[in-house]
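Residue numbers (the numbering used here), protein chains in the order written: chain U, 1 to 289; chain A, 1 to 313; chain B, 1 to 331.
Each hint should be verified, as a subset may be incorrect.
Listing some non-contacts, in silico: residues in chain A with all C-beta distances to chain B over 12 Å [unchecked claim]:
(1) Asp15
(2) Leu23
(3) Arg24
(4) Arg54
(5) Ser66
(6) Phe85
(7) Val115
(8) Arg121
(9) Arg145
(10) His148
(11) Pro275
(12) Glu287
(13) Asp301
(14) Leu310
Only part of the chain U face toward chain A is listed, based on derived beta-carbon distances under 10 Å [what the hints assert, rightly or not]:
(15) Gln58
(16) Arg186
(17) Ser187
(18) Asp192
(19) Arg194
(20) His199
(21) Leu205
Short, incomplete list of chain B residues facing chain A, as computed with Cβ under 7 Å [claimed, not checked]:
(22) Ser47
(23) Gly163
(24) Thr194
(25) Asp245
(26) Arg265
(27) Val266
(28) Leu274
(29) Ser276
Quick caveat, the hints were computed from the structure, so don't treat them as lab data.
This structure is a prediction, so every number in the text was calculated from the model and none was measured.
Here a beta-carbon is modelled for each residue, glycine too, at the ideal position from N, C-alpha and C.
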Amino acid sequence: MTRIEETGPVRRAFARLRRNRAAMGGAWTLVGVVLLCFGLPAALGLDAQSTDPVRHLQPPGPGAWLGRDSLGRDYLARVIVGGQTSLLIGLLATLASVTIGVFYGMVAGYYGGRVDEAMMRLVDFLYGLPYMFLVILIMLLFSETARGEPLPVFLALGLIQWLTMARIVRGETRSLREREFVLAARSIGASDLRILVHHILPNLLGVIIVYATLTVPAVIILESFLSFLGLGVELSWGQLVSEGVDVLNPIHSYWWLLAAPSALLGATLFALNFLGDGLRDAFDPRGDG
Amino acid sequence: MNGAPLLSVRGLSVDFALGEARLRAVDRVSFDLEAGRTLALVGESGCGKSTLARAIAGLLPSSEGSVQLRGDELLGLSRRGWRPFRRRVQMVFQDPDASLNPRMNASSLIGEPLVVHQGLRGARLDEAVCELMERVGLDPALRTRFPHAFSGGQRQRIGIARALAVEPELLLCDEVTSALDVSIQAQILELLRGLQDQLGLGILFITHDLGVVRHLAHDVAVMYLGELVERAPADRLFAEPSHPYSRLLLSAVPRVGHRPAAQADGGEVPSPLAPPPGCRFHPRCVEGVERCAREVPEEIDVAEGIVRCLLRG
Amino acid sequence: MSERVLRVEDLSVRIEPDRPGGLPVRAVDGVSFEVGRGEVVGLVGESGCGKTLTSLALLDLLPRPRGRITSGRIGFEGRDLRALSEVERRAVRGQEMAMIFQDPMTSLNPYLRIGEQLIEGTMWHSGTARRVALARAESLLTRVGIPDAADRLRAFPHELSGGMRQRVMIAMALLSDPSLLIADEPTTALDVTTQAQILALLSDLRAERGMSVLLITHDLGVVGSACDRVLVMYAGRIVESGPVDAVFGDPAHPYTRALLRATPRVDGPPREALQSLEGLPPRLDAKVTAGCLFAPRCDRVRSDCWTAEPPLVADEQGRARRCWVPREEFE
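Just chain U, same shape as in the assembly (with noise of 0.2 Å):
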């Protein structure tokens, strides 16, 4: 018999996530494209870098499954290596995002008054610049040689996604605040160190969970925007889709080069968002208990 009186709102929550086919599609088409992205590479040996001349465009076929792009490479290990690129982007700007958001929100809204109005100044201000604007400068602050390695695009999308998480996560801790269990806690003695940590951290962790979530396709998007105009990293789904936009002509179709690309980064977008309604509804208060 499941035991159900000792696991906490956040299991219960998972099992509710389980029920929902749609999450559940999404988590495991993620799950495959993860295993797609980097666990193929390793089996198969793809070579997604050694050029190729005297093949340049071939369409889809033995040998190469995916075809060869415009300087022959194997277009199908550009595509995985590239959504390597894509994947990792996306997880780390996100965990950048959470825990710069998290930390700044729960300050802001645990403490309120002063400390609260000038932190939401900043974050405010923040939100009002242009990102793309916010992007460029810090890829400006990058010598020229940095330029294409991811480290500076994911710092630039961390950066700017942390705003949203932080947002939130003072308005929870806001709520949270005036719950009578945090008044018990205090009344008992607990420092606010202690409350931040053991009452309010945990209360979190639903809305936290959720939004990372959704952060992970946000910023996979921007990615992509970002190589689209030339600013991304040198090898991401972005960059291949820009790269395949290139090539299009009304004579030849070398559609393998826009639909591999869009077709996974499409796929792995709807699967994040379905993935991350699926969560908020499992986390939703009024379906506990």
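Since chain U is already given, all that's left is putting chains A and B on it; use the hints.
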């Protein structure tokens, strides 16, 4: 240990700022509470009893007055100043759903005060938690469960066990049985009574239910719109209530075969934001005279208590 | 000889589980009772005993789709409500049978003025002209004790106090001059002085209009002071019924007795110990167990009690009890 009473409250007032207006939720309340005795604080909505309890527990800032625990002043203490007193003064809240962190299991909840104040951990902590659970009538085997798995009465027991963890001298109970069924309420009340006998606890028991007061309290303080209007030993209050509001309250309690008296003016408690001038109770008072609308009554000492009424003493 | 307004026979309500693998709950099981004209009947019990669901079943307001009436007959003013069509039932509901709830704040629409909400029902049911409906509403508000009724019609619910809102609910219920008013915990959320006023109001209205009241509550004091007869429910069944003074003065069922002993009384001896009832009510989604459902907590339990459930047996004084222990042995 000096001869001072366990809890001594003098002229305690609590104000809230609401935009431009200031709301005086508690107005110059004074009383004493001895160890081993229960003082019931009764009143209807807006009377300030919960606010008073939170102010005494240091959870709200008070504007003026004095709150002394065995002679040590509590009012105006900083957060750090309060720490040693958190062991001696504990509070149990009304809504067990809201006052227990849903993410913590029973063991963590009950053990938290022990972790914070005594730094207990591991086996010693677990042992202490089990012992506390038994003391309040909960099966220690359930300590890994989360609040949602317990009934309302059990959750309230968890709250009480947590409050007892540090062996307080003073227990503040804020409507702790109001949300419970009558048979569960009886269990909790008898549990509190037993604990008081065993541990010599002083209990400040806040409630709107006069029946509960009759069963539990040694002394009673009646509040109306932030003021203490009567304080008396329980026996005397029920036999011969002095203040007209106390009489109204008692006559309004429904009992078998006795139709509760309804006030002719259909009065209700006015908003605390706009209390009537003079004596706050005068618009609803059957005995009121013209003076009552102009003069503010002060506390009059009567045997073992006080009354705040122009027409007494 | 009082005429019968309501006659419920063998009513059962089932709630389907909210997730696969859960069991359905027999929330109300074979409940039968009557309400006479002008009578105030109290339906009392602790949480989960099925009293609220019983009242919702009468008005066809069970939560859909999970709640269903699985058996029984609801005879109201001579008609079987379950045999009526949806449309006919809706006509009865709100016209001849009205209900007021515990928390007026959630039963009143916070976005509409009081006047609008009051006349909505009348105009819909009987097509009365707006001006006439408003005039009636105003006079009813005055009748239920709301001062400045004309102004109040234009007020929003949040501008009124809890007691005032409850009076508005009563006025809404009275508009169609119902023969039966079902009140579910009408005073639980109110101060005791306000409660006294509301109970007095209900009593006056009963006398004026010959209206019957089914008063649902967990508060024995309220039942004892406001009701003529009482029905005690436990685990979805009626375990005892009869005239209130008789039942409370001389209870004939162990549960009734336990409830009375656990209820704090203002007129009892000072600081007397309350006798609590250990344990919890049974889960109604468990498989059907043989025997009396109260047996695990009963202080008079004997061997018969575990094998078969006792039937509800009536006597000549208008009392009924569901217990194997003979009446004479009940001290």
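Each hint tested on the structure:
Every CB of chain B lies more than 12 Å from the CB of Asp15/A, the least distance being 23 Å, so the non-interface label holds. Once the 12 Å rule is applied to beta carbons, Leu23/A is consistent with being away from chain B; the minimum gap is 17 Å. Once the 12 Å rule is applied to beta carbons, Arg24/A is consistent with being away from chain B; the minimum gap is 20 Å. The Cβ of Arg54/A lies farther than 12 Å from every Cβ of chain B, with a closest approach of about 20 Å, so its non-interface assignment holds.
Every beta carbon of chain B lies more than 12 Å from that of Ser66/A, the smallest distance being close to 30 Å; the non-interface claim holds. Once the 12 Å rule is applied to beta carbons, Phe85/A is consistent with being away from chain B; the minimum gap is 29 Å. No Cβ of chain B comes within 12 Å of the Cβ of Val115/A; the nearest lies about 31 Å off, and the non-interface call holds. Remark: the non-interface label on Arg121/A is consistent with the geometry, its nearest Cβ contact in chain B lying 34 Å away (cut-off 12 Å).
Distance check on Arg145/A: its Cβ is at least 15 Å (rounded) from any Cβ of chain B, clearing the 12 Å threshold; non-interface status holds. With a minimum CB-CB distance of about 15 Å to chain B, His148/A clears the 12 Å threshold, and the non-interface call stands. With a least CB separation of 15 Å from chain B, Pro275/A remains clear of the 12 Å interface cut-off, as annotated. The beta carbon of Glu287/A is kept farther than 12 Å from every beta carbon of chain B, the shortest such distance being approximately 16 Å.
With a least CB separation of 23 Å from chain B, Asp301/A remains clear of the 12 Å interface cut-off, as annotated. Non-interface call for Leu310/A relative to chain B: holds, since the shortest CB-CB distance, roughly 21 Å, exceeds 12 Å. The restraint placing Gln58/U at the interface with chain A is violated, with a minimum CB-CB distance near 57 Å, outside the 10 Å limit. The criterion of a C-beta within 10 Å of any C-beta in chain A is met by Arg186/U, whose closest approach is roughly 6 Å, and the hint holds.
Below 10 Å, beta-carbon pairs count as interface contacts, and Ser187/U has one with chain A at about 5 Å; its hint therefore holds. Contact between Asp192/U and chain A, as hinted, is supported at the beta carbon level, the nearest pair being about 8 Å apart and thus within 10 Å. A cut of 10 Å between beta carbons decides the hint on Arg194/U: the least distance to chain A is about 7 Å, and the hint holds. Annotation: His199/U was flagged as interfacial toward chain A, and the flag holds, the nearest CB pair being 6 Å apart, inside 10 Å.
Below 10 Å, beta-carbon pairs count as interface contacts, and Leu205/U has one with chain A at about 8 Å; its hint therefore holds. Checking Ser47/B against chain A by beta carbon gives a least distance of about 6 Å; that is within 7 Å, so the hint holds. Hint status for Gly163/B relative to chain A: holds, with the closest Cβ pair at about 5 Å, below 7 Å. Hint on Thr194/B holds. Least Cβ distance to chain A is approximately 6 Å, under the 7 Å limit.
The interface hint given for Asp245/B is met, as the beta carbon of that residue sits about 6 Å from the closest beta carbon of chain A, less than 7 Å. Below 7 Å, beta-carbon pairs count as interface contacts, and Arg265/B has one with chain A at about 5 Å; its hint therefore holds. Look at Val266/B: its Cβ gets to within about 5 Å of chain A, closer than 7 Å, so that hint holds up. Taking 7 Å as the C-beta cut-off, the interface hint given for Leu274/B holds, the closest approach to chain A being about 4 Å.
Interface hint status for Ser276/B: upheld, as the beta-carbon distance to the closest one in chain A is roughly 4 Å, under 7 Å.
Hint 15 from the list above is the single one not met by this structure.
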